[in-house]
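Letter by letter, the sequence shown follows residues 285 to 356 in our numbering.
Honestly, the hints are just simulated from the structure, not real lab data.
Some hints could be false.
Said to hold, decoys possible - Pair ranges (Cβ atoms, derived):
hint, residue 1, residue 2, range
1, Q326, Q305, 49 to 55 Å
2, Q299, G336, 52 to 58 Å
3, Q305, Q338, 45 to 51 Å
4, Q314, I349, 49 to 55 Å
5, N340, I307, 47 to 53 Å
6, I304, I337, 45 to 51 Å
7, I325, G294, 44 to 50 Å
8, Q347, Q326, 27 to 33 Å
Being a predicted model, the structure only gives us computed values, none of them experimental.
We treat Cβ as the ideally placed atom computed from N, Cα and C, and that holds for glycine.
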Amino acid sequence: MRLECDGIQGIQENQAIQEIQGIQENQAIQEIQEIQGIQGIQGIQENQAIQGIQENQAIQEIQGIQGKKQVI
285 MRLECDGIQG
295 IQENQAIQEI
305 QGIQENQAIQ
315 EIQEIQGIQG
325 IQGIQENQAI
335 QGIQENQAIQ
345 EIQGIQGKKQ
355 VI
């Protein structure tokens with residue numbers, strides 16, 4: 285009986301460890317997803333910055349064209 289009880293306890297302990305590992309894996313996945321979410325936001329911000337630069341360049345080009353027209 286004692287050996288059987290010890291065996292059952294050992295199985296239960298293993299199951300508890302597996303459950304804890306499963307929770308840790310889920311947390312790790314969530315952390316990765318959060319990081320990816322942050323990177324996605326950063327990517328959007330980078331795109332916005334690039335768009336801002338492109339808009340500035342377009343404005344400068346327009347101003348350059350207007351400057352040339354005035355010279356003529």
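Practice prompt. Could you tell me whether the CB distance from Q299 to G336 stays inside 52 to 58 Å?
Written response: holds (55 Å)
Is 44 to 50 Å respected by the C-beta to C-beta distance linking I325 and G294? Check passed, 47 Å falls within 44 to 50 Å.
Measuring from beta carbon to beta carbon, are Q347 and Q326 in 27 to 33 Å? Once the Cβ atoms are compared, 31 Å apart, the range 27 to 33 Å for Q326 and Q347 holds.
*asked:* Can you tell me whether the CB distance of I304 to I337 sits inside 45 to 51 Å?
replied: The hinted range 45 to 51 Å holds for I304 and I337, with Cβ atoms some 49 Å apart.
Could you say whether the range 47 to 53 Å given as a hint is met by the Cβ separation of N340 and I307? Holds - the Cβ-Cβ distance for N340 and I307, about 49 Å, lies within 47 to 53 Å.
Original post:
Range hint 49 to 55 Å: satisfied by the CB atoms of Q314 and I349?
Top reply: holds (52 Å)
#### Entry: Range agreement (Cβ of Q305 with Cβ of Q326, hint 49 to 55 Å)
violated (31 Å)
Does the Cβ distance between Q305 and Q338 fall inside 45 to 51 Å?
holds (48 Å)
Against the hints set out earlier in the document, a violation occurs for number 1 only.
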